[in-house]
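Colleague: Residue-level listing of the chains:
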Amino acid sequence: GENVEQHPSTLSVQEGDSAVIKCTYSDSASNYFPWYKQELGKRPQLIIDIRSNVGEKKDQRIAVTLNKTAKHFSLHITETQPEDSAVYFCAAVYQGGKLIFGQGTELSVKP
Amino acid sequence: NAGVTQTPKFQVLKTGQSMTLQCAQDMNHNSMYWYRQDPGMGLRLIYYSASEGTTDKGEVPNGYNVSRLNKREFSLRLESAAPSQTSVYFCASSEAPLGQGEQYFGPGTRLTVT
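Here the protein sequences line up with chains A and B, keeping their order.
For what it's worth, this note's numbering labels the leading residue of the first sequence as 636, then goes sequentially.
For what it's worth, this note's numbering labels the leading residue of the second sequence as 194, then goes sequentially.
Keep in mind that the hints are not guaranteed to be accurate.
Claimed, not checked - Using 20 Å as the maximum straight-line C-alpha spacing, the simulated SDA-like pairs for lysine to any residue come out as follows: (1) A/K677 <-> A/T704; (2) A/K733 <-> B/N223; (3) A/K733 <-> B/E272; (4) A/K672 <-> A/I683; (5) A/K733 <-> B/P254; (6) A/K677 <-> A/S743; (7) A/K692 <-> B/Q293; (8) A/K733 <-> B/G294; (9) A/K672 <-> B/M234; (10) A/K692 <-> A/S653; (11) A/K733 <-> B/R237; (12) A/K733 <-> A/R686; (13) B/K202 <-> A/L675; (14) A/K733 <-> B/M234; (15) A/K657 <-> A/E741; (16) B/K264 <-> B/E295; (17) B/K264 <-> B/G246; (18) A/K733 <-> B/D249; (19) A/K677 <-> A/V744.
Claimed, not checked - To give an idea of the chain B side of the interface with chain A (calculated C-beta under 8 Å), a few residues: (20) D219; (21) G233; (22) L236; (23) D249; (24) F283; (25) L291; (26) G299.
Claimed, not checked - Away from chain A, derived, C-beta distances all over 10 Å, residues of chain B: (27) Q204; (28) V205; (29) L238; (30) P276; (31) T279.
Calculated directly from the structure, the hints in this document are not laboratory data.
Ideal placement from N, C-alpha and C gives every residue a C-beta, glycine not left out.
Let the sequences and hints guide you as you build the complete structure.
Modeller: Written out as structure tokens, the structure is:
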């Protein structure tokens, strides 16, 4: 079926530590994998994305890796800061252009 | 640019009532989407539209209808509201073809069905 599994559902780290969130998808034809950040009471906003012809992409403290063979992709946040605290969603595009989201990870960065 | 706007921000309905959620974007985007967000379940796609006059079902279309009135506007209608439709509803739009690029979300509508 069309689904995206995301783990963990909650993650607590100390400020300055790294955080890793993992997702798996089921359709080998999926070719676009965005990550969205949603702060409390706000709308989701794109923070980084990766396409299937690339294995890794970085943007300052954020990186995403993709393993097409295993159908896994991961978000890595280094040197976490309190303002990184939010809910993070991974997603994968399925047939017909449907973007399917994971269940979300609530990241808490403790000062 | 206002981006993506949604009305109303909050709504309370009784079971069986109907209502239409309005969405408009001023970014000249072709693709538009409706999602619902429930605790622990992420964002689930209800309907989406590649262009004016075309709409497709997403993951959870039952109980909803949509209209792509023109390029700017994409409305979501609940014909007979049920408590299971209590949720936060987000509209989004994208410049890229369906699902292939950044989606810009509206501020959301919080709907409660009693």
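Colleague: Non-interface claim for B/V205: all C-beta distances to chain A beyond 10 Å?
Modeller: At roughly 18 Å from the nearest Cβ of chain A, B/V205 sits farther out than 10 Å, so the non-interface label holds.
Colleague: Is the hint on B/L236 kept, meaning its closest Cβ partner in chain A is under 8 Å away?
Modeller: holds, 4 Å
Colleague: Could you check if B/F283 really has its C-beta closer than 8 Å to a C-beta on chain A?
Modeller: Holds. Min distance 7 Å.
Colleague: Measure nothing beyond the straight line between the CA atoms of A/K733 and B/D249; if it is 20 Å or shorter, mark the hint as holding.
Modeller: Distance of about 9 Å is within 20 Å: holds.
Colleague: Closer than 8 Å between Cβ atoms is the bar; does B/L291 clear it against chain A? Give me holds or violated.
Modeller: holds, 3 Å
Colleague: Against chain A, does B/Q204 hold up as non-interface, every C-beta pair farther apart than 10 Å?
Modeller: B/Q204 clear of chain A: closest Cβ-Cβ about 17 Å, beyond 10 Å.
Colleague: Please work out if A/K733 and B/G294 have their alpha carbons no farther apart than 20 Å.
Modeller: holds, 12 Å
Colleague: Mind checking the alpha carbons of A/K733 and B/M234 for me, to see if they're no more than 20 Å apart?
Modeller: holds, 17 Å
Colleague: A/K672 and A/I683 were given as a pair; does the straight-line alpha-carbon distance stay at or below 20 Å?
Modeller: Holds. A/K672 to A/I683 sits at ~9 Å (cutoff 20 Å).
Colleague: Once the shortest beta carbon distance from B/D219 to chain A is found, is it less than 8 Å?
Modeller: Constraint on B/D219 not satisfied, violated at 16 Å.
Colleague: With the threshold set at 20 Å, check whether the alpha-carbon distance from A/K657 to A/E741 stays at or below it.
Modeller: holds, 13 Å
Colleague: Does B/M234 sit within 20 Å of A/K672, going by the straight-line distance between their CA atoms?
Modeller: holds, 15 Å
In this structure, the hints that do not hold are numbers 1, 3, 20 and 29, in rising order.
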